[in-house]
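Chains as they are written, first to last, in our numbering: chain A, 56 to 284; chain B, 56 to 284.
In short, the hints are calculated from the structure, not lab data.
Keep in mind that a hint or two might mislead.
A partial selection of chain B residues facing chain A, derived with a Cβ cut-off under 7 Å [to be verified]:
1) Met149
2) Glu187
3) Thr189
4) Thr191
BS3-like mimics (lysine-lysine), calculated; alpha carbons at most 25 Å apart, straight line [as the list claims (entries may be wrong)]:
5) Lys228(A) with Lys282(B)
6) Lys228(B) with Lys258(B)
7) Lys282(A) with Lys76(A)
8) Lys246(A) with Lys224(A)
9) Lys271(A) with Lys258(A)
10) Lys200(B) with Lys246(B)
11) Lys176(B) with Lys219(B)
12) Lys246(B) with Lys282(B)
13) Lys176(B) with Lys224(A)
14) Lys219(B) with Lys76(B)
15) Lys228(B) with Lys282(B)
16) Lys202(A) with Lys76(A)
17) Lys282(B) with Lys258(B)
18) Lys282(B) with Lys76(B)
19) Lys176(A) with Lys228(B)
20) Lys76(B) with Lys246(B)
21) Lys246(A) with Lys282(B)
22) Lys176(B) with Lys219(A)
23) Lys176(B) with Lys246(A)
24) Lys202(B) with Lys176(B)
25) Lys258(A) with Lys246(A)
26) Lys258(A) with Lys200(A)
27) Lys202(B) with Lys219(B)
28) Lys176(A) with Lys224(B)
29) Lys202(B) with Lys224(B)
30) Lys219(B) with Lys176(A)
31) Lys246(B) with Lys176(A)
Don't be surprised by glycine CBs; every beta carbon is placed ideally from N, CA and C.
Residue strings, one per chain:
Protein chains: 2
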Amino acid sequence: RIIDVVEQTEKQNSYQPLAGKQVLVTAGPTIEAVDVVRYFTNHSSGKMGFAIAKVACDLGANVTLVSGPVELETPPNIERVDVTTAEDMYDAVMSRFNDQDIVVSAAAVADYKPTNQYDRKMKKQSGDLTLELTRTRDILQALGKAKSTQYLVGFAAETDDAIKNGRDKMARKNLDAIVVNDISQDEQGFKTDTNAVEVLTNKGEHQSIPLQSKEKVAQQLWSTLTKEM
Amino acid sequence: RIIDVVEQTEKQNSYQPLAGKQVLVTAGPTIEAVDVVRYFTNHSSGKMGFAIAKVACDLGANVTLVSGPVELETPPNIERVDVTTAEDMYDAVMSRFNDQDIVVSAAAVADYKPTNQYDRKMKKQSGDLTLELTRTRDILQALGKAKSTQYLVGFAAETDDAIKNGRDKMARKNLDAIVVNDISQDEQGFKTDTNAVEVLTNKGEHQSIPLQSKEKVAQQLWSTLTKEM
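Given the sequences, and given the hints that come with them, work out the whole structure.
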């Protein structure tokens, strides 16, 4: 189509700091089934991760987007891999990690899953219910351990001591950078079209990206990261 | 707008068995927070409930649509009330019940909510987690107890003994009709655009509505219900 040719031409003429780079972005929530109807999950529209993937592609990268269940269109020229559970996402990311130059983990992966999952519908019981939950495998920690030359970026959604918790998480998980989302603030975070974040790098850089559209936040994020790499 | 005038004219010229009726439809899931990030919910796109609301409006009813969080446009000429939790939905429905002629409860209301909910983000713990859940108030049961002249229609999403479980639920909750969804079958139920259901009424009617679009299912459902009322 003509539009593809125009986009391709624009792309060739524009600033391409990620040209030739393999970038993997995770986005969205994961869903951990209790039974065929009920599930446990995290708030996440996937919009921030999709914006990061789109902008990486605009900047010349070959982008793989590993996404949990979201209601979003795949941006053009991006390979999308759909997953449901934290375990699916672990497998999808780990199996592709060796081929990547940069990984941005923007997904809100469930950190617990029901210990027992039912294929059928659990019948209601009278009174209360105790649900046993088991920790899921920590994808970011596994990536931090497995990494060789990859530049690894995590997200931290925090309500308290956001910067300190973010910095601790970056060190603990062996990340190169972390994007801190203070989700106690309105208009930034999960379902909104806007966001405001703090970007911390393990070289000591600290950049505040003010409230704006998630695509603009993604542009500033990549601008900061590409200078640091 | 011209399109509204055309629609209005079509409506005046078409079959209007629900003209002058107040119809309330519930749709979508409810979300029960564990904390600011994590939550417990049910699979539900809201598509079946929205189709039932739209068709009721096409048939002349004044429609109120009480919806949990879904990614759907409100059909024209319908009053939409957005809710999040089972408790919100209980309040929204019960406060409007006396004004209704017909209530169709198509929402997948969470039947359990975390006993303790946290305003902030719960920090991960090492190892497993036991989550205490409390039963939410049963909206359909409350409607069945409160009803005077209202025609009350419930849904049953079942994986086993669908018809028997549906009939039991209709009796137990004092419903006039129940729509049974066998969710163990592919292509019917939660996220799909198609559905196939069995409609049972307390007068003993049993109508099978075969697999087709949710809007077509809604048309056949109203066709069956309006004959029975």
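Against the structure, the hints come out as follows:
Interface hint at methionine 149(B): violated, since its Cβ lies 20 Å from the closest Cβ of chain A, which is beyond the 7 Å cut-off. Checking glutamate 187(B) against chain A: minimum C-beta separation of about 6 Å stays under 7 Å; hint holds. Checking threonine 189(B) against chain A by beta carbon gives a least distance of about 5 Å; that is within 7 Å, so the hint holds. Hint status for threonine 191(B): violated, given a least beta-carbon distance of 10 Å to chain A, over 7 Å.
In summary, the hint linking lysine 228(A) to lysine 282(B) is not supported, as the alpha carbons are separated by about 64 Å, beyond the 25 Å threshold. Proximity of lysine 228(B) to lysine 258(B) is assessed by CA-CA distance (about 15 Å); at most 25 Å being required, the pair is judged to hold. Distance restraint check for lysine 282(A) and lysine 76(A): the Cα-Cα separation of roughly 15 Å lies within the 25 Å cut-off, and the hinted pair is therefore satisfied. Restraint check: the Cα-Cα separation between lysine 246(A) and lysine 224(A) comes to about 23 Å, which is no more than 25 Å; the hinted pair holds.
Restraint check for lysine 271(A) and lysine 258(A): satisfied, since their Cα atoms lie roughly 24 Å apart, inside the 25 Å limit. This hinted pair does not check out: lysine 200(B) and lysine 246(B) have alpha carbons roughly 31 Å apart, beyond 25 Å. For a cut-off of 25 Å, the pair hint linking lysine 176(B) to lysine 219(B) is broken: about 43 Å separates their Cα positions. Taking the CA atoms of lysine 246(B) and lysine 282(B), the gap is about 29 Å. The hint is violated against a cut of 25 Å.
Taking the CA atoms of lysine 176(B) and lysine 224(A), the gap is near 15 Å; set against the 25 Å cutoff, the hint holds. With a C-alpha separation of about 31 Å, the suggested pairing of lysine 219(B) with lysine 76(B) is violated against the 25 Å cut-off. Restraint check for lysine 228(B) and lysine 282(B): the C-alpha separation of about 22 Å stays at or below 25 Å, so the hint holds. At roughly 16 Å between alpha-carbon atoms, lysine 202(A) and lysine 76(A) fall within 25 Å of each other, so this suggested pair holds.
Using a Cα cut-off of 25 Å, the hinted pair lysine 282(B) and lysine 258(B) holds, with the two alpha carbons roughly 12 Å apart. Proximity of lysine 282(B) to lysine 76(B) is assessed by CA-CA distance (about 15 Å); at most 25 Å being required, the pair is judged to hold. Straight-line distance between C-alpha atoms of lysine 176(A) and lysine 228(B) comes to about 19 Å, which keeps the hinted pair within the 25 Å bound. Proximity of lysine 76(B) to lysine 246(B) is assessed by CA-CA distance (about 30 Å); at most 25 Å being required, the pair is judged violated.
Annotation: proposed proximity of lysine 246(A) to lysine 282(B) is violated, straight-line Cα distance about 43 Å (limit 25 Å). With a CA separation close to 15 Å, the supplied pair lysine 176(B) and lysine 219(A) stays within the 25 Å bound. For a cut-off of 25 Å, the pair hint linking lysine 176(B) to lysine 246(A) stands: about 17 Å separates their Cα positions. Proximity of lysine 202(B) to lysine 176(B) is assessed by CA-CA distance (about 41 Å); at most 25 Å being required, the pair is judged violated.
Our distance criterion of 25 Å between C-alpha atoms is broken by lysine 258(A) and lysine 246(A), whose separation comes to about 31 Å. Distance restraint check for lysine 258(A) and lysine 200(A): the Cα-Cα separation of roughly 19 Å lies within the 25 Å cut-off, and the hinted pair is therefore satisfied. Proximity of lysine 202(B) to lysine 219(B) is assessed by CA-CA distance (about 24 Å); at most 25 Å being required, the pair is judged to hold. Proposed proximity of lysine 176(A) and lysine 224(B) is supported: the alpha carbons are some 15 Å apart, at most 25 Å.
Under the criterion of a C-alpha separation no larger than 25 Å, the hint pairing lysine 202(B) with lysine 224(B) is consistent with the structure, at around 16 Å. Between lysine 219(B) and lysine 176(A) the CA atoms are separated by roughly 15 Å; this keeps the pair inside 25 Å, and the hint holds. The straight-line distance between the Cα atoms of lysine 246(B) and lysine 176(A) is roughly 17 Å, inside the 25 Å bound, and the hint therefore holds.
Violated hints, in rising order: 1, 4, 5, 10, 11, 12, 14, 20, 21, 24, 25; the structure is consistent with all others.
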